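J.: Fit chains B, C and D to the known structure of chain A by using the hints.
Protein chains: 4
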Amino acid sequence: MIVILKENPDQAQLDSLLTWLKEQHVDVHPTIGEHHTILGLIGDTSKIDIDLISALDIVDDVRRVQEPYKSANRKFHPEDTVITAGNTRIGGGSLTLIAGPCSVESEEQIIGIAKAVKASGATMLRGGAFKPRTSPYAFQGMQIEGIRLLLRAKEETGLPICTEIMDASQLPLFEDIDVLQVGARNMQNFPLLKALGRTDKPVLLKRGMSATYQDLLMSAEYVLAGGNPNVILCERGIRTFENYTRNTLDLSIIPAVKALSHLPVIIDPSHATGKASMVPSMARAAVAGGADGLIIEVHNDPAHAKCDGPQSITPAAFDTLAGELMRIHAVIGGEN
Amino acid sequence: MIVILKENPDQAQLDSLLTWLKEQHVDVHPTIGEHHTILGLIGDTSKIDIDLISALDIVDDVRRVQEPYKSANRKFHPEDTVITAGNTRIGGGSLTLIAGPCSVESEEQIIGIAKAVKASGATMLRGGAFKPRTSPYAFQGMQIEGIRLLLRAKEETGLPICTEIMDASQLPLFEDIDVLQVGARNMQNFPLLKALGRTDKPVLLKRGMSATYQDLLMSAEYVLAGGNPNVILCERGIRTFENYTRNTLDLSIIPAVKALSHLPVIIDPSHATGKASMVPSMARAAVAGGADGLIIEVHNDPAHAKCDGPQSITPAAFDTLAGELMRIHAVIGGEN
Amino acid sequence: MIVILKENPDQAQLDSLLTWLKEQHVDVHPTIGEHHTILGLIGDTSKIDIDLISALDIVDDVRRVQEPYKSANRKFHPEDTVITAGNTRIGGGSLTLIAGPCSVESEEQIIGIAKAVKASGATMLRGGAFKPRTSPYAFQGMQIEGIRLLLRAKEETGLPICTEIMDASQLPLFEDIDVLQVGARNMQNFPLLKALGRTDKPVLLKRGMSATYQDLLMSAEYVLAGGNPNVILCERGIRTFENYTRNTLDLSIIPAVKALSHLPVIIDPSHATGKASMVPSMARAAVAGGADGLIIEVHNDPAHAKCDGPQSITPAAFDTLAGELMRIHAVIGGEN
Amino acid sequence: MIVILKENPDQAQLDSLLTWLKEQHVDVHPTIGEHHTILGLIGDTSKIDIDLISALDIVDDVRRVQEPYKSANRKFHPEDTVITAGNTRIGGGSLTLIAGPCSVESEEQIIGIAKAVKASGATMLRGGAFKPRTSPYAFQGMQIEGIRLLLRAKEETGLPICTEIMDASQLPLFEDIDVLQVGARNMQNFPLLKALGRTDKPVLLKRGMSATYQDLLMSAEYVLAGGNPNVILCERGIRTFENYTRNTLDLSIIPAVKALSHLPVIIDPSHATGKASMVPSMARAAVAGGADGLIIEVHNDPAHAKCDGPQSITPAAFDTLAGELMRIHAVIGGEN
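Protein chains in written order, with the working numbering: chain A, 745 to 1080; chain B, 745 to 1080; chain C, 745 to 1080; chain D, 745 to 1080.
Since the hints were derived computationally from the structure, they do not count as laboratory data.
Since the list gives no way to pick out one identical chain from another, each pair is judged satisfied if it fits inside one copy or across any two copies.
Listed below are the simulated BS3-like cross-link pairs for lysine-lysine, each with C-alpha atoms no more than 25 Å apart in a straight line:
id, residue 1, residue 2
1, 859, 1019
2, 862, 1019
3, 750, 819
4, 819, 1019
5, 750, 1019
6, 814, 1019
7, 1019, 791
8, 750, 814
9, 945, 814
Computed from a predicted model, the values in this text were never measured in an experiment.
The shape of chain A in the complex, shown without the other chains:
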């Protein structure tokens, strides 16, 4: 951590800061310039609250050198994390294909789609039971009944299940679910993250619409710090000025976060683009860019889907796409 002092800092305040820093077990190396004095802090600064120092009258600016996350940091955990969910592994060179409808709508629908996507190569089934909707008047999901139908589809196909949890109070309902998804709007719902940290369930943590890579890793840190090492990061588009797409898919997260962290990265081209016609292109790009997998909305009848129909592709389109994705994955040296 680097602390840049204002010109002519008050000596008493400076002494008090130096004493406090010593108590935090960090060493201080000052560099004295004409306009600025810089303090280099050496030691474990990850748990120092940067705001406490910035607030001082004598301080002009404070900048971190060390990242503020530790458990999620590749520096302290160089090997890729590989997560087991049901009969599948996420990370470590494999290609995870999570597919399914935005919402569970009926037993016939979810089992039909599950069988279709499994036949095409999907390794996990997704489907929303509890749905976060912008409007209170929009369909909010089948809720408990939706969870039951997802577990029926798992029985039928063997596919592990990934579905969204919206509140810590719902945890008991998710006992047999394989991967708990935290939606973009809940990425900084800290009570929920803490509750998930106390479980050992894999968590698919979606990046908030205005979250930086560091914010995402800090939210992962909440789960990891609670004792649950099974976090999968998921990019689903960020909010920018461009409004042709629903969000802007930020694929640079793949090389960036893989350099910063050991956690697997999954891409969601369906929510990012909001348009089925753009999903295949962005799915191929994600695999070529090094993603650990994809989560794709597939619906047997997108025009009558109860939500997010415009971004769902058909099982036939998924079948073609899955083949392309596996060929690209092979070209860049991945396992298949």
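T.: Here is chains B, C and D on its own, set in the frame of chain A:
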């Protein structure tokens, strides 16, 4: 609502759409162009799920004419909403000044600040008991004890209390709190919004960092639709590329949202700018721009605040500022 | 175009609007609702100035149905544009690889890099002679001498040359240059675009840092409307809140703009990410996503490059990458 | 400047860096940590090209402590710059009101508006002669004839004139114009900025839609470094995800840039909001926030303006507003 069809739409699909629209009790007026056919939908379209229509193969685009919120809409509720919290009113021409520390830290601290800001003209006390922090290692607030100390400060000063609730499960603890704040990160925590809609407590709803005005109004709609009419909107900065300030304070929300809705609008210059030195300028701007009030962080010793010290002003600075704000409020014709 | 009128519009103003629209040769189809009357305008509205209508007192909103660009629009030009530059073609299924240093620094440097990238499969040489730099104190390029050295490299290798023009007054210097690059900061330098529209030189038009897809296509329209059909679009990252990367590479532009327009799309992963270590991943993603080509910074000695060293890859890294790109291009069915 | 080295840097490269830094006349103070070594650079680093250092293999990150602009920096020029344009002063406590139509349309129009706004208290006349328009098919301004009519209005009213220059080649036409406006799209048109730096004309430099405060100050530095000290900064909204307003007016620029620089700051609420109904609110906010002035679009007949009608207010509305602005300016202690 306007539906723009693709060229040469399939007649069977079009008939099926027209039938479905009739079932939703909307009238359809078609306009047939060379490249496009446009369907004008007339009637109450606020509860039609736009996604259902967009997903159809024959549809190119769907655009709302009517806003998707109803209870929050000024068209259906032309008078300003005025909210009562303890002994103060928010909205309707008055100037609400909510002041206090980021976090409650001790009885002495919170009562001292409460007395000081009351003497300067504050009409409500703020103070965090449950703190959403980006890092799991940062101070998370005094929690239940913090609530107790806030109520002590209310006893001492008579100021109503505004403090943040992070999860619906905390509601019983907030029984004696006057205004429940929903933080920016929870603006789309729908289970929390629904729970607040079932109470009759005033809710201070902060705009999410990447929420549009419409998103904010839709979140307000969740509370209103649940039966609680007491929603106060709060701008606290949005996330943009500019990184000199913590966030970008978007004061245009004042005239915009006051045209769209009848709900009061409060501005938080402290979290928006993240710098105490910028707070007075932006506070004055907000009042001159027509805000119903401000929420400002005031700390007796910003350099030793347990969080957000850099953005807190001292009681003395607040005293000077409050005087300026009242004079500006008088110039633009507000009550004092 | 759709015009949404306010409630109870003044009849005289409405008549005057209807007369004016008739003079613009558009037909008007009204839809009368309870709160809104909607006018559907049918005919060629691409040249109607939307602001003229929005300004009317009786108008609530105006929305385009038809795109405001015509020459760049795929609807009126369904086949892909294929552009010839020297001995290479851009668009139409081929994979264009433009490589070279940020700045031309010496004859030895530019010819050395040109030979290396040609051997690895590059089809065009890039190199800056006139450099737009944020700081007036930074290296501004070798200017005229830089152009001369690029032409020397062309003589030696046969590679066509792509380099940036910053002002219309420089046009005579670019007579022998094959592709004129317009930088992101100049995307809406309309005098420059008009001047380029009067030539027949291929123009590589970079997307501005805050330009929408439509803005980019409107800037292309300036060149096309001037009579020059040879426009290549280039994505080089947009400005967002994420600051780990220099900009956010928006690969969704590939399927989006290819649906909207017939012009080729080239991706610049070097400027977008600003980090050499991220270039290969994003280059692979771009090809898999369907880009017509890439423009990549290659420098023999990145650590001593006069600008943008951090984002330049070495000729050896380019050689490996080019092989991967060709294999991915083959997998997705492109020509090689 | 702070250079953060990677772990275990190559000693030969480190020696070469240290030698090079010594040649740049900066002193180096190293701080050696467990994972990082930090080099503090002391001396004049404003002209060091940060990219040259970042590109080195041994360097992890480089951060500036000193700002990269010098002539625009308040540290080296503590007093406010006050600029004289015709018979008016900008900066130093006065309130500059620049008003007029988006475009000059006729002699009658421009003289009529000039007389009206002068009577209401405007201190300068604005009006576009050369218009940057997104579409090549939109009205491009009256051009040379527009300049002539502006000078006629100056003769009639004595108001100094502010109008936009789009290209350095137009400079001779602007000889009698008092303030040369550089549009947001040209903020980084470096050939234009250099040409303006060689004149002594006041330059109104508009912030680009995605420019940071630092970018804006660097563009000002281009003009200042050329020898022209007369730069007025102008905020006109930035591009964000919010699309209710045309752009997001960022009033925080007022206290921020006034702390960083000595140059005057003018606010343009018309282009920022794009809606006449929002202009008065944001104009009042700007003055209360400490702006040195405003530039406001006023049109006698907004519904028939040739461009930007929706954001123009009438002379009557301007008259009311100007009175409010002067009262607010008095309350916050400004001159009138």
